[in-house]
Amino acid sequence: MRATVNIFLKEGVLDPQGKAVHHALHTLHFDGVKEVRIGKQIILEIDEKDNEKAMEKVTKMCETVLANTVVEDYTIELAK
Amino acid sequence: MIAIPFFPGTNCERDTEHAVRKLGFEPKVVWHKETALPSGTKAVIVPGGFSYGDYLRSGAIARFSPIMKAVKEFADNGGMVLGICNGFQILLESGLLPGAMKRNENLHFISSHEYVKVINNNNSFLSETNIGELIQMPIAHAEGNYFCDEKTLKELHENTQIILKYADKNGNEKNLNGSIENIAGICNKTKNVFGLMPHPERACESVLGSSDGTKILGSFLKKAIS
Numbered sequence: 596m597r598a599t600v601n602i603f604l605k606e607g608v609l610d611p612q613g614k615a616v617h618h619a620l621h622t623l624h625f626d627g628v629k630e631v632r633i634g635k636q637i638i639l640e641i642d643e644k645d646n647e648k649a650m651e652k653v654t655k656m657c658e659t660v661l662a663n664t665v666v667e668d669y670t671i672e673l674a675k
Numbered sequence: 003m004i005a006i007p008f009f010p011g012t013n014c015e016r017d018t019e020h021a022v023r024k025l026g027f028e029p030k031v032v033w034h035k036e037t038a039l040p041s042g043t044k045a046v047i048v049p050g051g052f053s054y055g056d057y058l059r060s061g062a063i064a065r066f067s068p069i070m071k072a073v074k075e076f077a078d079n080g081g082m083v084l085g086i087c088n089g090f091q092i093l094l095e096s097g098l099l100p101g102a103m104k105r106n107e108n109l110h111f112i113s114s115h116e117y118v119k120v121i122n123n124n125n126s127f128l129s130e131t132n133i134g135e136l137i138q139m140p141i142a143h144a145e146g147n148y149f150c151d152e153k154t155l156k157e158l159h160e161n162t163q164i165i166l167k168y169a170d171k172n173g174n175e176k177n178l179n180g181s182i183e184n185i186a187g188i189c190n191k192t193k194n195v196f197g198l199m200p201h202p203e204r205a206c207e208s209v210l211g212s213s214d215g216t217k218i219l220g221s222f223l224k225k226a227i228s
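Quick mapping for you: the protein sequence lines, in order, are chains B and X.
For the first sequence, the positions run 596 to 675 when the working numbering is used.
For the second sequence, the positions run 3 to 228 when the working numbering is used.
The shape of chain B in the complex, shown without the other chains:
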């Protein structure tokens, strides 16, 4: 199974990279962009067939090491 983890700075936490890219887009006349947030994506190929167990396992990985929940939120998508 493939687990896709997306990690972003929490809502309300200023994202310096997103802000810089937003500014660059504006400079290049790409108007109408309200906000840019930059995160990271981690793709895990895991040896697990059961969705619930996989979710449990990856959540634990996120809480332990993949994300720093002081500043970051994460989402997990599973695909067989």
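It cannot be assumed that every hint is accurate.
Using 27 Å as the maximum straight-line C-alpha spacing, the simulated DSS-like pairs for lysine-lysine come out as follows [as the list claims (entries may be wrong)]:
| id | chain 1 | residue 1 | chain 2 | residue 2 |
| --- | --- | --- | --- | --- |
| 1 | B | K652 | X | K176 |
| 2 | B | K655 | X | K71 |
| 3 | X | K176 | B | K605 |
Note that these hints are calculated values from the structure, not bench results.
Starting from the known structure of chain B, arrange chain X on it as the hints suggest.
Using the frame of chain B, we list chain X on its own:
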């Protein structure tokens, strides 16, 4: 004995060793795979650098090294621990200090001599300084933008855990990297674990531009030995 754990990518362990020795104490650089601190360890200094290439997040992988388990135990038993730069980031990731680091607000790697102002001195790190005193030290980091939630910030204030803030040469606070309230250094509630982004070990000889680091590093080491 002052233990200096180092990880793949750490690059300040020799400077730290040199400074500790110069101040008259006995340093011991310890590889991260060690599971115990050297016998007779009186304090731990987690040095700066780029442990594990800053992969994932600064300090995120180093915190799981075997030696960090020993450092955590040492700190939990009241042992004195100081994290400098990447060492500070490792202590944040390991939960020994509250909060987290983000990329500098201007996204630059900032490498310069800066002043920090003493905010609280009721701790063994800054007890030989006065509140408001300026200390000049080099900084060299890309992720020193300190962040914590409001509840944590309130606790930091209540327990006098904010110890250093960035300032200009006149003592006016300045926001160097986006840090909440210009924070450059903090300690834990029990005041035995300290973290700061500036490098006191690189400011221990006037030929290097400043010897201000000797005062705070020396006080930390003296308290640890006593």
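Hint-by-hint comparison with the structure:
1. For the suggested pair K652 of chain B and K176 of chain X, the alpha carbons sit about 44 Å apart, so the restraint of at most 27 Å is broken.
2. Proximity of K655 of chain B to K71 of chain X is assessed by CA-CA distance (about 19 Å); at most 27 Å being required, the pair is judged to hold.
3. Between the alpha carbons of K176 of chain X and K605 of chain B the distance comes to roughly 25 Å, so the proposed pair stays at or under 27 Å and holds.
Violated hints amount to a single one, hint 1; each of the other numbered hints is respected by the structure.
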